[in-house]
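All chains, full assembly: derive it from the sequences and hints.
Its first residue numbered 1, the sequence shown is counted upward by one per residue in the UniProt record's numbering.
Source of the hints: derived by calculation from the structure; they are not laboratory data.
Treat the hints with care, since some could be wrong.
Pairwise CB distance ranges (calculated) [said to hold, decoys possible]:
#1 Ser-113 / Arg-61: 46 to 56 Å
#2 Asn-63 / Ser-42: 21 to 31 Å
#3 Thr-30 / Thr-2: 19 to 29 Å
#4 Lys-62 / Glu-121: 52 to 62 Å
#5 Trp-23 / Arg-53: 17 to 27 Å
#6 Phe-27 / Thr-153: 27 to 37 Å
#7 Arg-124 / Asn-35: 31 to 41 Å
#8 Arg-157 / Lys-37: 27 to 37 Å
#9 Phe-111 / Ser-139: 17 to 27 Å
#10 Arg-124 / Lys-37: 27 to 37 Å
Think about it this way: if two alpha-carbon atoms lie no more than 25 Å apart in a straight line, the pair counts; the simulated BS3-like pairs of lysine-lysine are [said to hold, decoys possible]:
#11 Lys-108 / Lys-62
#12 Lys-11 / Lys-68
#13 Lys-137 / Lys-108
#14 Lys-25 / Lys-11
#15 Lys-25 / Lys-68
#16 Lys-126 / Lys-108
#17 Lys-89 / Lys-133
#18 Lys-120 / Lys-133
#19 Lys-120 / Lys-98
#20 Lys-108 / Lys-68
#21 Lys-133 / Lys-123
#22 Lys-137 / Lys-126
#23 Lys-37 / Lys-11
#24 Lys-108 / Lys-123
#25 Lys-89 / Lys-62
#26 Lys-89 / Lys-68
#27 Lys-98 / Lys-68
#28 Lys-37 / Lys-25
#29 Lys-159 / Lys-133
#30 Lys-98 / Lys-62
#31 Lys-108 / Lys-120
#32 Lys-137 / Lys-89
#33 Lys-123 / Lys-137
#34 Lys-89 / Lys-126
#35 Lys-159 / Lys-126
#36 Lys-159 / Lys-137
Predicted model, so just to flag it, every value in this text is computed and none were measured.
Beta carbons are placed, not taken as given, at the ideal position from N, Cα and C, and that holds for glycine.
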Amino acid sequence: MTRFFLENIVKYHNVMDPIPLGWAKVFGVTQDTFNLKVEMSSSFWDFFLVEGRRNLNEYNRKNNCAVKVFRGKTVKVNDLESLSLYLRKRIRQYCMDKNLEVPEIFVKNAFLSIRSLVNKELKRFKSTELAIKLGWKYSDWQGSPIISLLNSTELNRFKRNEKEWGSVTLEEIIGVDINSVAGSKTQEVRKSMLYN
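Dropping the structure here:
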């Protein structure tokens with residue numbers, strides 16, 4: 001069933017992703033419909049958002065079907081928390097590379113709280129907001145594309161105000177004088193990394 005879905009409906013052919021859908025379980029069977037619950041790889045979901053959804057809609061139209069794909073919210077929540085943990089690691093590494101004192105960073109769910117080194121104030125950011133404001137290169141991020149983790153309000157705000165990308169430096173957040181830092185930040189603006 002999943003092979004037919006992958007090959008004939010959404011037309012997903014990625015040899016680098018040997019198990020795009022796994023652990024299929026049937027639930028919610030009625031006279032006319034049934035539901036399958038599967039785990040999906042990030043690569044498959046990225047493909048589905050760009051091309052697979054269009055293929056699915058075309059299949060439904062041609063065959064008078066109503067095949068639908070929903071991504072569970074728990075996956076998004078897990079990705080948001082993973083992004084928080086990833087950013088904490090990147091911030092610590094950035095500080096060590098720049099010979100800066102590493103600030104206290106607390107992670108709770110999709111949020112990071114960073115303590116200023118100067119006034120000890122705790123600044124709280126949603127992980128997606130911080131990722132966009134820092135504007136770093138995220139090519140080593142293994143989760144869903146950051147753009148797909150934005151809620152509709154954040155996505156609309158980002159599209160209206162793309163200059164927000166890279167609008168703040170980590171030094172500003174932690175309260176370090178940028179002019180006193182040897183080799184201050186050169187902006188690694190890679191908007192395309194949001195979509196990877």
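Item to check | Violations among the numbered hints, reported as their numbers in ascending order | outcome: Of the numbered hints given earlier, those the structure breaks are 11, 20, 25, 26, 27 and 30, listed in rising order.
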